[in-house]
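Participant: The chain contents come next:
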Amino acid sequence: MAEKTTYIGTAVVRSDALEKVTGAARYAGDLKFDRMLYVKLLRGKYAHARLVRVDASKARKLPGVKAVVTGTDFPYRMGLYLVDRTPYAVEKVRYYGEPVAGVAAVSPEVAEEALGLIEVEYEELPPVLDLLEAIKPGSPLVHPELHEYEHVPAIFPVPHTNISNHFKIRKGDVEKGFAEADLIVEDTYYVPHIQHSPLEPHAAVALYDREGKLTIWASSQSPFAMRKILSQSLRWPMNRIRVIGPYVGGGFGGKAGLNVEATLVPLAMKAVGHPVKLVCTREEEFRDTFVRQGMWCRLKTGVKRNGRITAQEFEMYWDGGAYTEYGVNVTRAAGYSSAGVYDIPNMKTDSYCVYTNKPVGGPLRGFGHGENHWAIEQHMDQIAHRLGMDPVEFRMINLQREGSTNATGQVLHNVGIGKCLEEAARLIGWTKVTGPGKIEPGVKKVRAKGIACMTKAPAMPNDAASTAIVKLNDDGTVVLNISAQELGQGAFTVLSQICAEELGVRYEDIRIYPVDTDHGAYEWQTVASRITYSCGRAVMEAARDAKRQLCDHASRYFGVPAGDVDVADGRVFVKGDPSRRVPVATLALGATLPDFSGYGGPIVGRGKFIPEGIVAMDAETGQSPKPVANWTYGAQAVEIELDLELGKIEVKKVAAVYDAGRVINPVTAAAQVEGGVVQGLSIGLFEEMKFDERGRLLNPSYVDYKIATAAEIPEMLVSFVEVPQEDGPYGARGIGEHVMVPTPPAIANALFHAAGVRVKRLPMTSESVRWALKQE
Amino acid sequence: MLHNIRVRVNGEWVEACVPSHRRLLDFLREDLDLIGAKEGCGGGECGACTVLVNGEPINSCLVLAVEADGAEVLTVEGLGDAKDLDPVQEAFVQNSALQCGYCIPGMVMSAKALLIRNPNPTRDEVVEAISGNLCRCTGYARIVDAIMQAAQAADAAGPAPAGRAAGHAPAAEVSRAGGE
Ligand code: FES
Ligand code: FES
Numbered sequence: 053m054a055e056k057t058t059y060i061g062t063a064v065v066r067s068d069a070l071e072k073v074t075g076a077a078r079y080a081g082d083l084k085f086d087r088m089l090y091v092k093l094l095r096g097k098y099a100h101a102r103l104v105r106v107d108a109s110k111a112r113k114l115p116g117v118k119a120v121v122t123g124t125d126f127p128y129r130m131g132l133y134l135v136d137r138t139p140y141a142v143e144k145v146r147y148y149g150e151p152v153a154g155v156a157a158v159s160p161e162v163a164e165e166a167l168g169l170i171e172v173e174y175e176e177l178p179p180v181l182d183l184l185e186a187i188k189p190g191s192p193l194v195h196p197e198l199h200e201y202e203h204v205p206a207i208f209p210v211p212h213t214n215i216s217n218h219f220k221i222r223k224g225d226v227e228k229g230f231a232e233a234d235l236i237v238e239d240t241y242y243v244p245h246i247q248h249s250p251l252e253p254h255a256a257v258a259l260y261d262r263e264g265k266l267t268i269w270a271s272s273q274s275p276f277a278m279r280k281i282l283s284q285s286l287r288w289p290m291n292r293i294r295v296i297g298p299y300v301g302g303g304f305g306g307k308a309g310l311n312v313e314a315t316l317v318p319l320a321m322k323a324v325g326h327p328v329k330l331v332c333t334r335e336e337e338f339r340d341t342f343v344r345q346g347m348w349c350r351l352k353t354g355v356k357r358n359g360r361i362t363a364q365e366f367e368m369y370w371d372g373g374a375y376t377e378y379g380v381n382v383t384r385a386a387g388y389s390s391a392g393v394y395d396i397p398n399m400k401t402d403s404y405c406v407y408t409n410k411p412v413g414g415p416l417r418g419f420g421h422g423e424n425h426w427a428i429e430q431h432m433d434q435i436a437h438r439l440g441m442d443p444v445e446f447r448m449i450n451l452q453r454e455g456s457t458n459a460t461g462q463v464l465h466n467v468g469i470g471k472c473l474e475e476a477a478r479l480i481g482w483t484k485v486t487g488p489g490k491i492e493p494g495v496k497k498v499r500a501k502g503i504a505c506m507t508k509a510p511a512m513p514n515d516a517a518s519t520a521i522v523k524l525n526d527d528g529t530v531v532l533n534i535s536a537q538e539l540g541q542g543a544f545t546v547l548s549q550i551c552a553e554e555l556g557v558r559y560e561d562i563r564i565y566p567v568d569t570d571h572g573a574y575e576w577q578t579v580a581s582r583i584t585y586s587c588g589r590a591v592m593e594a595a596r597d598a599k600r601q602l603c604d605h606a607s608r609y610f611g612v613p614a615g616d617v618d619v620a621d622g623r624v625f626v627k628g629d630p631s632r633r634v635p636v637a638t639l640a641l642g643a644t645l646p647d648f649s650g651y652g653g654p655i656v657g658r659g660k661f662i663p664e665g666i667v668a669m670d671a672e673t674g675q676s677p678k679p680v681a682n683w684t685y686g687a688q689a690v691e692i693e694l695d696l697e698l699g700k701i702e703v704k705k706v707a708a709v710y711d712a713g714r715v716i717n718p719v720t721a722a723a724q725v726e727g728g729v730v731q732g733l734s735i736g737l738f739e740e741m742k743f744d745e746r747g748r749l750l751n752p753s754y755v756d757y758k759i760a761t762a763a764e765i766p767e768m769l770v771s772f773v774e775v776p777q778e779d780g781p782y783g784a785r786g787i788g789e790h791v792m793v794p795t796p797p798a799i800a801n802a803l804f805h806a807a808g809v810r811v812k813r814l815p816m817t818s819e820s821v822r823w824a825l826k827q828e
Numbered sequence: 007m008l009h010n011i012r013v014r015v016n017g018e019w020v021e022a023c024v025p026s027h028r029r030l031l032d033f034l035r036e037d038l039d040l041i042g043a044k045e046g047c048g049g050g051e052c053g054a055c056t057v058l059v060n061g062e063p064i065n066s067c068l069v070l071a072v073e074a075d076g077a078e079v080l081t082v083e084g085l086g087d088a089k090d091l092d093p094v095q096e097a098f099v100q101n102s103a104l105q106c107g108y109c110i111p112g113m114v115m116s117a118k119a120l121l122i123r124n125p126n127p128t129r130d131e132v133v134e135a136i137s138g139n140l141c142r143c144t145g146y147a148r149i150v151d152a153i154m155q156a157a158q159a160a161d162a163a164g165p166a167p168a169g170r171a172a173g174h175a176p177a178a179e180v181s182r183a184g185g186e
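Heads up: the sequence lines are chains S and L, in that order.
FYI, the numbering for the first sequence is 53 to 828, going by this note's numbering.
FYI, the numbering for the second sequence is 7 to 186, going by this note's numbering.
For reference, chain S alone in the conformation it holds in the complex (with noise of 0.2 Å):
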């Protein structure tokens, strides 16, 4: 751990900063071509409707206009653990916004006037609206189909209703768990529907081209899981399909998997030799781009008197909308973390997908667990508060440890979280609190503090895998090829890093060139806080091979052995003997030696990595020795100032740790922490889907939903812990979607501090926080 590092932990600039600050990074709604076409999509007007009649010929008349798809044309059901989802509904719209036709033209208008001499005549079905209506016998069913649908083996849809996933966690015996316990505390709480709301809208363009070969260019966080979806739902090798990934505006989950791209597909198909552009405006990017799954929960807990936890029930209920292709393995991964950071000997938990006639849910930063957190995190302010106990007291108790289990039976070891709650604690001051705050009359404004722990690991099948390629040019400068996506979060620069500190180059010699699925380096997809993680590890072997063949090729140009040689700084060297060395350009396509013979030839490094040994959970139980790659741990302590009158909550100090196992680049780590934090505070605050009672989205801008602003940014303290994962790139594991999971309960729990209540539904904006004051 302490051996001495060129470029890790070191805060180099990003490597795109510059690309970034001048305008000259392109994002793929920035992309044009000769003969390109304007796509527009005609959108459903009910939640649950019959496609009676879709009549496109006078839109396919229009001057101007070069191809038009409905369902029928393209019935192909796709998804990625669940194959349930058509890029245009077919016989029948399932939410109020489904695509049901598209239209590709010379331009935008001519699209759009296409699009109002498409007839479509409905028939009205009864919406599914109601999450806890929808798990009744009876209710009317989104998907009548579910149980003729292919999914993934870690799926468990139940036939003939609306649940496409229920998963189960049973371990030891919670019966007798209850029986032991002095206290039982229950209850409910809610998260609604919000969206990722990236800057940049979803945008593609698709070309179909004579040869038949298709070409995507997305704004994607998945190229290479996309290309899988289209291949194994068209039935096409994967030869014939090629995606491009040029920069991501910001994805946080939204841009996983497959999405606005299939509904290009068919009108490419039909419009051969033309691209085809769609760029979705704000209101789509809302309502018809993946939004995170509303849950609504119910948590019981036994605990001792002495504050030891005996036995939890839980129950979580996802909203997963109209199609639940990804949503489903929310459910899942919510439910294996459903004991959160504590010790709990006896567990029974229920995690339920539920069809509803609402956008479709998928993943979103944190993957289940922003919105288990917000019910485990009160759960246990709740309990130490019922133990007359200062929470953080009371989590110290409970906290999983070395040997501890956690909700799937996993043996624990090196567990961060212990070190992170002490220090979010002493780094936002935190003093004993053992009750509600209390509202002294006359009393505007009160200050008090919160705070929240979590833990996540990333949600993948078994086989999410990486590979690396380091190329070295003429002159010694790298082509890196990786297939990571750079959605913001730093991962160019910290891959750029490893493969520096490993190679012995300098930092910014290396280049990494956009996704390209046809000459990229495969790569499972840029999600579940994996790449630092799993891409870094592939980097570093390949930058270790790389070297090796650098010293190889040094060994004969110097006539030492290879052990002698060394690279560093961009040069290859003698050790021992600074006099021997010459630039790495000189051995890079090989080695002349002193009688002019070549030897060696040009160098590529290669380097793979998936994580070993992990064990699939019992189908009955949910346990497993080793159920996921690794866990991240991160605490949270938040300092708030509550207005009594204006219910209005401000949050002025954000302390957050987080066990990084071993941070790469503490600026761009911390930066990431930062972006978190201010997020979850946003969803927080302010973040909610409305629906009105006929499942139309009711704020679909940013005026009706707010997301934070540069004016609503607290003070942030932010540390990190180091206990190195050990299959990890010099001990690393990922942060990326932790760091937002922790903010929303513990602002909750500084707002019961400050004056005794509590709002169990997000988010908690000022009239919830008001109507919550007036009936204490």
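To be clear, the hints were calculated from the coordinates, so they are not data collected in a lab.
Bear in mind that the values here come from a model prediction, so they are computed numbers and not experimental data.
For each residue, glycine too, the CB sits at the ideal point set by N, CA and C.
Among the hints, erroneous ones may be present.
[What the hints assert, rightly or not] Far from chain L by the CB rule (all over 12 Å, computed), these chain S residues: (1) D82; (2) V612; (3) R748.
[Unchecked claim] Taking lysine to aspartate or glutamate pairs in the EDC-like style, the calculated list, with each CA pair at most 16 Å apart, reads: (4) S:K84 <-> L:D130; (5) S:K84 <-> L:D37; (6) S:K704 <-> L:D130.
Model the placement of chain L with the ligands on the given structure of chain S, informed by the hints.
Facilitator: Okay, now just chain L with the ligands, sitting in the frame of chain S:
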């Protein structure tokens, strides 16, 4: 209906014939290939499309190209390039005040407009100046730091040199520890 317009974009006069409904944002991005200004909402809500018109920051998605007839328009492309960064751009680089980058051209232009108007802003004035520019990635703190630093740099002695050397942005504390 088509209109002939003459606009001075990034210091050069451009003559063009545009339809009356053409937005300034599309004129810049589609007709002039200046893709720095981004569209985030198309409704004046996000600031990603911010450019300067006669020195004032405007949402170019809300302005028609014909309204810019005769005006001076500055986009991020006119501000500086890698060889010659504007102090605002330089400060964004040095403070790591960017992540996905999509909001950044708009942020940089709002900051530039502020510093033209008010070379010595307070932190509150900086926050106010960018409160119409949404960013989903950074949490804004480093952006505010960068603008404050740009103001000081301009105040001191002109722009700092560009480069990709180690930055000066505040890093987090790191404590190394064994597991429990
Ligand atoms: S695109 Fe102009 S303000 Fe959002
Ligand atoms: S850097 Fe991504 S929106 Fe600001």
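Participant: All hints, please: hold or fail.
Facilitator: Results for each hint:
1. D82: Answer for D82 of chain S: violated, closest chain L Cβ roughly 4 Å.
2. V612: holds (33 Å)
3. R748: holds (19 Å)
4. S:K84 <-> L:D130: violated (40 Å)
5. S:K84 <-> L:D37: Given that 16 Å is the threshold and the Cα spacing comes to 11 Å, the pair holds.
6. S:K704 <-> L:D130: Holds. K704 of chain S to D130 of chain L sits at ~15 Å (cutoff 16 Å).
The structure fails hints 1 and 4 (numbered hints given earlier, in ascending order).
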